[in-house]
Every structure is written in structure tokens, then in C-alpha cells.
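**Q** Residues in the sequence shown are numbered from 1 upward in steps of one, following my numbering.
Simulated from the structure, these hints should not be mistaken for lab results.
Using N, Cα and C, we set each Cβ at its ideal position, and we do this for glycine too.
A couple of the hints might just be wrong.
Derived EDC-like pairs: lysine to aspartate or glutamate, alpha-carbon spacing no greater than 16 angstroms straight-line [unchecked claim]:
| hint | residue 1 | residue 2 |
| --- | --- | --- |
| 1 | Lys484 | Glu507 |
| 2 | Lys407 | Glu101 |
| 3 | Lys484 | Glu251 |
| 4 | Lys484 | Glu253 |
| 5 | Lys484 | Asp122 |
| 6 | Lys485 | Glu507 |
| 7 | Lys407 | Glu97 |
| 8 | Lys485 | Asp122 |
| 9 | Lys485 | Glu251 |
| 10 | Lys407 | Glu93 |
| 11 | Lys485 | Glu253 |
Label pairs and their calculated CB-CB ranges [said to hold, decoys possible]:
| hint | residue 1 | residue 2 | range |
| --- | --- | --- | --- |
| 12 | Gly497 | Glu453 | 39 to 49 angstroms |
| 13 | Ser496 | Ala234 | 31 to 41 angstroms |
| 14 | Asn510 | Glu231 | 43 to 53 angstroms |
| 15 | Ser496 | Asp122 | 23 to 33 angstroms |
| 16 | Asp389 | Pro275 | 31 to 41 angstroms |
| 17 | Arg92 | Pro275 | 39 to 49 angstroms |
| 18 | Asp109 | Thr221 | 50 to 60 angstroms |
| 19 | Ala230 | Asp304 | 21 to 31 angstroms |
| 20 | Gly151 | Pro275 | 15 to 25 angstroms |
| 21 | Asp109 | Asp448 | 35 to 45 angstroms |
| 22 | Leu341 | Glu276 | 43 to 53 angstroms |
| 23 | Glu111 | Ser502 | 44 to 54 angstroms |
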Amino acid sequence: MHRFLTLLILLTALFSVACQPALLNPPRLATAEAQAATAGTIAPTRTPLFLPAPTPTGGAINQPVGTAAPIPTVRPNPRLTLWVNETEAIYREVLAEMAAELQTDYGIDLEYLFVDPNRLPDLVASASISDTLPDLILHPLQYSTGWAAQGILSPEMATAALDQLGRDTFDAGALQLVGVGGEGQIAALPSDGWQQIWLYRTDWYEALDLAPPTSYTAILTAAQTIYQSAEISAQTGVSNTLISGLVVPTEAELYTTQFVFEQLAVANGCDLVSPEGEITFIHPDCLDALDFYRDLVNGYSPSDVQTDLSALNTYLAGRTGMIVTLPTVLPRLLGQDERFLPSCPQCRADPLFLAQNSGIVTVVEGRGPNAQAANFGQIINLGISRTADEALALQFADYWFNAGYLKWLAVEPARRVPMRLGTAADPVAFQQAWQALPITSAGQTIADVFGAEAAEQLVADITSTPRWGFAQGQGPLITTIATKKVFPIILQEMLSGYFTSSQAVIEAYNRVVALIPNYAYDNAADE
Numbered sequence: 001m002h003r004f005l006t007l008l009i010l011l012t013a014l015f016s017v018a019c020q021p022a023l024l025n026p027p028r029l030a031t032a033e034a035q036a037a038t039a040g041t042i043a044p045t046r047t048p049l050f051l052p053a054p055t056p057t058g059g060a061i062n063q064p065v066g067t068a069a070p071i072p073t074v075r076p077n078p079r080l081t082l083w084v085n086e087t088e089a090i091y092r093e094v095l096a097e098m099a100a101e102l103q104t105d106y107g108i109d110l111e112y113l114f115v116d117p118n119r120l121p122d123l124v125a126s127a128s129i130s131d132t133l134p135d136l137i138l139h140p141l142q143y144s145t146g147w148a149a150q151g152i153l154s155p156e157m158a159t160a161a162l163d164q165l166g167r168d169t170f171d172a173g174a175l176q177l178v179g180v181g182g183e184g185q186i187a188a189l190p191s192d193g194w195q196q197i198w199l200y201r202t203d204w205y206e207a208l209d210l211a212p213p214t215s216y217t218a219i220l221t222a223a224q225t226i227y228q229s230a231e232i233s234a235q236t237g238v239s240n241t242l243i244s245g246l247v248v249p250t251e252a253e254l255y256t257t258q259f260v261f262e263q264l265a266v267a268n269g270c271d272l273v274s275p276e277g278e279i280t281f282i283h284p285d286c287l288d289a290l291d292f293y294r295d296l297v298n299g300y301s302p303s304d305v306q307t308d309l310s311a312l313n314t315y316l317a318g319r320t321g322m323i324v325t326l327p328t329v330l331p332r333l334l335g336q337d338e339r340f341l342p343s344c345p346q347c348r349a350d351p352l353f354l355a356q357n358s359g360i361v362t363v364v365e366g367r368g369p370n371a372q373a374a375n376f377g378q379i380i381n382l383g384i385s386r387t388a389d390e391a392l393a394l395q396f397a398d399y400w401f402n403a404g405y406l407k408w409l410a411v412e413p414a415r416r417v418p419m420r421l422g423t424a425a426d427p428v429a430f431q432q433a434w435q436a437l438p439i440t441s442a443g444q445t446i447a448d449v450f451g452a453e454a455a456e457q458l459v460a461d462i463t464s465t466p467r468w469g470f471a472q473g474q475g476p477l478i479t480t481i482a483t484k485k486v487f488p489i490i491l492q493e494m495l496s497g498y499f500t501s502s503q504a505v506i507e508a509y510n511r512v513v514a515l516i517p518n519y520a521y522d523n524a525a526d527e
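My request is simple: use the sequences and hints to build the entire structure.
**A** Laid out in C-alpha cells, this is it:
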């Protein structure tokens with residue numbers, strides 16, 4: 001028995017010693033020591049091991065372990081980012097289609113962001129500071145040359161894209177408006193444009209023997225005559241207290257508030273700035289324009305602050321004789337937008353009544369000694385930011401102004417007049433194709449519904465518009481004024497009674513001058 005106990009103790013001791021590394025060492029350390037101890041001592045297996053797992057074709061994978069086939073490297077497509085100054089759902093649909101086509105045909109992924117036009121300048125400024133600019137920005141004319149001067153946009157890349165597409169294929173006037181420097185450089189590529197329209201009720205004007213609203217005198221006379229008109233009330237059944245002479249946007253946050261006044265001011269010979277950079281707004285022509293605007297709006301428009309939307313709804317309801325608006329309104333007169341349907345008393349029996357009894361004016365003339373006939377045109381430009389990859393940006397420009405161009409213009413043809421007229425092979429290809437783009441679900445064009453003359457008005461002289469500052473080479477100043485919303489704010493303050501027109505002309509001058517570092521001219525407003 002003694003011998004048996006001694007043998008048992010000895011075996012127990014040997015077993016505990018053998019197990020000691022596993023008990024004392026962490027598992028990963030023990031494994032590493034074991035691998036180190038046996039490194040190079042194990043002969044390779046003579047017979048390869050196979051994985052018998054089935055493949056998609058049902059065969060075996062006869063690949064030895066340790067020599068697996070390399071996994072193919074999947075390289076992602078290069079990516080471009082685009083900011084678009086639109087918010088409507090119809091633009092989301094077409095851009096999704098264009099992005100898919102760009103990916104298929106060019107191997108480029110496109111990320112796009114829709115930005116409220118009123119927020120666009122602030123977001124671009126923030127992105128520039130934080131170095132998070134998108135590659136491409138669709139934006140209105142008033143920002144192009146200013147953003148180029150600030151280093152946000154790249155004139156070099158825009159000009160390279162223009163040369164690639166063909167300078168002669170673009171509207172020459174549009175290129176002048178975005179020109180920078182003296183060597184043919186441009187701040188951005190002109191994409192499309194629209195013309196501000198004065199939309200009026202032809203049946204009311206005929207009933208009251210009024211001239212079309214083509215001048216200060218005609219506009220004011222019509223507004224006075226139509227405002228709370230008993231005759232129009234009897235004709236339509238609308239209470240005369242609800243009938244206004246006109247409705248225009250007056251909200252201080254809207255750029256369209258300035259657009260209405262700017263056209264009236266230019267029509268009266270009122271310039272904002274000279275080629276040398278002197279602010280010329282303190283002038284009798286400008287004061288007269290402010291007087292006219294204040295009397296017109298405060299006297300014959302609804303009393304509350306108005307927007308583009310309120311003006312549209314008032315016109316669709318048959319409660320005003322005229323609005324100043326974008327051509328976007330035209331399909332809505334035809335009932336093509338379920339959110340904005342004609343609701344005038346006669347429209348209930350005839351949905352097309354409003355379209356058939358509306359006229360379009362694009363050119364207005366002032367009343368002062370320097371009065372001239374003036375329109376107001378706006379251009380949307382495609383800018384290439386300073387951080388973009390040039391090769392990718394040029395490929396995008398090639399797609400945008402060729403395969404994708406008519407897709408974009410077709411979304412809202414009335415306000416998407418092409419600034420690239422055609423190609424080298426066919427100089428008017430896009431211009432002619434635009435004329436055939438439908439504005440109704442039935443395939444009718446602008447000319448089909450409103451007549452050839454109206455269609456021609458929407459196209460004529462968009463790029464020769466006498467916009468403040470551009471002919472004088474003061475585009476960067478215009479960018480600053482637009483970003484600060486100087487004139488929409490001043491105009492709203494004047495209409496609310498905070499300023500008289502005499503005070504407003506001085507206040508506007510001072511606020512513009514305050515934006516110009518080291519202003520070199522005497523402050524005439526202090527005299």
C-alpha cells in the first residue's frame with residue numbers, strides 16, 4: 001500500500017508540472033510560445049487540403065489552403081458633389097436620372113444637395129471658411145463674379161470647360177456677364193435663364209379700356225382703375241374689397257423683392273454704380289423710382305407683406321389685375337401643378353379661362369428724363385469651385401451641356417431658356433430643341449398655348465438686360481449687396497413707413513457705401 005501511495009504522489013506532481021504553462025500563461029501567450037517552439041520543425045503536408053464547399057456552378061473549389069486566389073481590388077468611382085439652388089421635387093427626379101446616367105457613361109458618382117436659394121450664399125460662405133466647398137454650384141448671376149473674386153469659384157477651370165465645349169456655342173451676352181479679367185476668362189458657365197414677366201388680366205384691361213402695363217404711366221393708371229373696382233366686382237362676383245390693382249413680392253428676405261424694383265429703377269434711368277466704382281444711387285431718377293414704387297405698392301396692393309407665393313395665389317383666385325413674377329407661373333395657369341390650380345370664379349366652368357385671359361409684358365419704360373425701355377433677365381450659372389478636381393469637373397461640364405442638357409431644361413422650360421445655343425456641328429440645336437419642349441402633359445409648348453409672340457418675349461434680350469453693376473464691371477460689389485439683402489430690407493422698411501422715399505434713397509446709398517472698403521468718393525449723403 002505504501003508503494004502505491006508513493007507512486008500516486010509522484011504521478012500527480014509530474015502532471016501538475018506538465019500543465020503549468022497552460023495554467024499560468026494567458027492563452028494567447030501560450031499559443032505564441034508553442035508556435036515559436038515548433039517553428040520550422042513541422043514538415044509541410046504532402047497531400048493538399050481541399051475545401052469541398054460547393055461553388056455557384058456546383059463544382060468543387062480545388063484551391064490549396066494557404067495559396068488562396070487574391071480577392072480582386074474594387075476601386076470606388078471618383079465622386080463629385082453638386083449644390084443646386086432648387087427645392088422642388090421635380091428637380092430631384094431629374095437629377096437622380098442624370099446621376100445614374102453620369103455613373104454609367106462616365107464612371108463618376110454624383111452627390112447633390114438641394115439648397116434654398118435664400119440660404120445659398122450663407123452656406124457657400126460657411127463652406128469656404130471650413131474648406132468644405134462642393135465641387136460644383138448651380139447659382140444665380142449675382143454671385144458668380146463675386147465668388148470668383150473671393151476665391152470660391154475657379155475661373156481657370158470654368159474657362160477650360162468653356163474652351164472644351166466651344167466658346168462660340170454659348171450666348172455671347174451671357175459670357176460677357178460672367179467675364180472676369182481681360183483674357184476671356186469667365187467666373188462660371190452660363191447654363192440657363194429666365195425673364196421677369198408682368199402678368200395681367202387682359203379681359204379686365206379691355207373692359208376698363210386700359211393700355212398694357214408697359215410704362216410707369218400705364219402701370220399706375222391700371223392699378224388705380226382696377227383697385228377695388230365696382231365694375232370688376234360686378235363682372236366677377238368677387239367683393240370689390242378683395243380686388244387689388246397689383247401684387248408684387250415685398251418680403252425683406254426675398255431677392256425677388258429687389259428684382260421688381262430694380263427693373264423699375266433701371267427703366268427710369270437710375271444706375272447704382274459707375275464703372276469707376278462710385279455709388280450713383282443718390283440721383284433724382286432713383287428718388288423718382290422710389291416714389292413711384294412706394295405709391296404703387298402702398299396705394300393699390302394688399303396691405304400685408306407679400307411674397308411670390310401670395311402674389312401667385314391672389315392671381316389664380318382672380319383677385320388682382322397684375323402680378324410681377326417668374327415664367328414658372330405659366331404652366332400653373334393651365335392647371336399643370338396640383339398645388340396651384342386656377343380658382344377664379346370663371347375658372348370653375350372653364351379651367352383654361354385664366355390662361356386665355358392673361359397677357360405678358362417683359363419690358364417697362366420709366367417716366368423721368370432718362371427713362372428707357374428695360375427688361376429684367378436672370379441667368380443661372382454652373383460654377384466650379386477651387387477645390388474641385390479639374391479633370392472630373394470638365395467631364396461633368398461635358399455631360400451637363402450635352403447629354404444631360406435637355407433633361408434639365410425640360411423640367412421647367414418657361415424659365416430654363418438655354419444659354420448654350422447649340423454645338424459646333426449644329427449652332428442652334430439646343431435653342432430649337434427648347435422651343436419644342438412641352439409645358440403641359442398633353443405636349444403643348446409655350447407657343448402653342450400663349451402664342452409665338454409670348455414665347456419670343458421670354459427669350460428676347462435675357463442676356464442684354466441692364467442689370468445693376470454688371471455692365472460697369474462691378475459684379476463683386478453686386479455679390480456683396482445681394483448677400484446682405486440691402487435693397488429688399490430697405491424697400492420693406494420704406495413700405496412699412498419707417499422711411500420716406502427721400503430718406504430711403506439716402507439710407508440705401510449709405511448702406512451700400514458701407515460695404516466698400518476705403519470708399520474713394522465723397523459721401524454725398526452727408527452733404
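**Q** Each hint should be assessed against the structure and marked as holding or not.
**A** Evaluated hints:
1. Straight-line distance between C-alpha atoms of Lys484 and Glu507 comes to about 14 angstroms, which keeps the hinted pair within the 16 angstroms bound.
2. Our distance criterion of 16 angstroms between C-alpha atoms is met by Lys407 and Glu101, whose separation comes to about 11 angstroms.
3. With a C-alpha separation of about 14 angstroms, the suggested pair Lys484 and Glu251 falls inside the 16 angstroms cut-off, and the hint holds.
4. Taken as a hint, the Lys484 and Glu253 pair is honoured in the structure, with Cα atoms around 10 angstroms apart against an allowance of 16 angstroms.
5. Of the pairs offered as hints, the one joining Lys484 and Asp122 holds, with about 10 angstroms between alpha carbons and a cut-off of 16 angstroms not exceeded.
6. Proximity of Lys485 to Glu507 is assessed by CA-CA distance (about 14 angstroms); at most 16 angstroms being required, the pair is judged to hold.
7. Using a Cα cut-off of 16 angstroms, the hinted pair Lys407 and Glu97 holds, with the two alpha carbons roughly 9 angstroms apart.
8. For the suggested pair Lys485 and Asp122, the alpha carbons sit about 12 angstroms apart, so the restraint of at most 16 angstroms is met.
9. Distance check on the hinted pair: Lys485 and Glu251 sit about 11 angstroms apart at the alpha-carbon level, within 16 angstroms; holds.
10. Straight-line distance between C-alpha atoms of Lys407 and Glu93 comes to about 11 angstroms, which keeps the hinted pair within the 16 angstroms bound.
11. A hinted pair counts as satisfied when its Cα atoms are at most 16 angstroms apart, and Lys485 with Glu253 qualifies at roughly 7 angstroms.
12. The supplied range of 39 to 49 angstroms is met by Gly497 and Glu453, whose beta-carbon atoms lie about 41 angstroms from each other.
13. The supplied range of 31 to 41 angstroms is met by Ser496 and Ala234, whose beta-carbon atoms lie about 34 angstroms from each other.
14. With their beta carbons about 45 angstroms apart, Asn510 and Glu231 fall inside the hinted range of 43 to 53 angstroms.
15. The hinted range of 23 to 33 angstroms is satisfied by Ser496 and Asp122, whose Cβ atoms lie roughly 24 angstroms apart.
16. Between Asp389 and Pro275 the CB atoms are about 37 angstroms apart, so this pair conforms to the stated range of 31 to 41 angstroms.
17. For Arg92 and Pro275, the hinted distance range of 39 to 49 angstroms is satisfied, since their beta carbons lie about 42 angstroms from each other.
18. The supplied range of 50 to 60 angstroms is met by Asp109 and Thr221, whose beta-carbon atoms lie about 57 angstroms from each other.
19. The hint said 21 to 31 angstroms for the Cβ distance between Ala230 and Asp304, and at roughly 23 angstroms that hint holds.
20. Range check, Gly151 to Pro275: Cβ separation about 24 angstroms, and the 15 to 25 angstroms hint holds.
21. Our hint of 35 to 45 angstroms for Asp109 and Asp448 holds, since their Cβ atoms are close to 39 angstroms apart.
22. One distance hint, 43 to 53 angstroms for the beta-carbon pair Leu341 and Glu276, holds here, with the actual separation near 51 angstroms.
23. The beta-carbon spacing between Glu111 and Ser502, approximately 51 angstroms, falls within the hinted interval of 44 to 54 angstroms.
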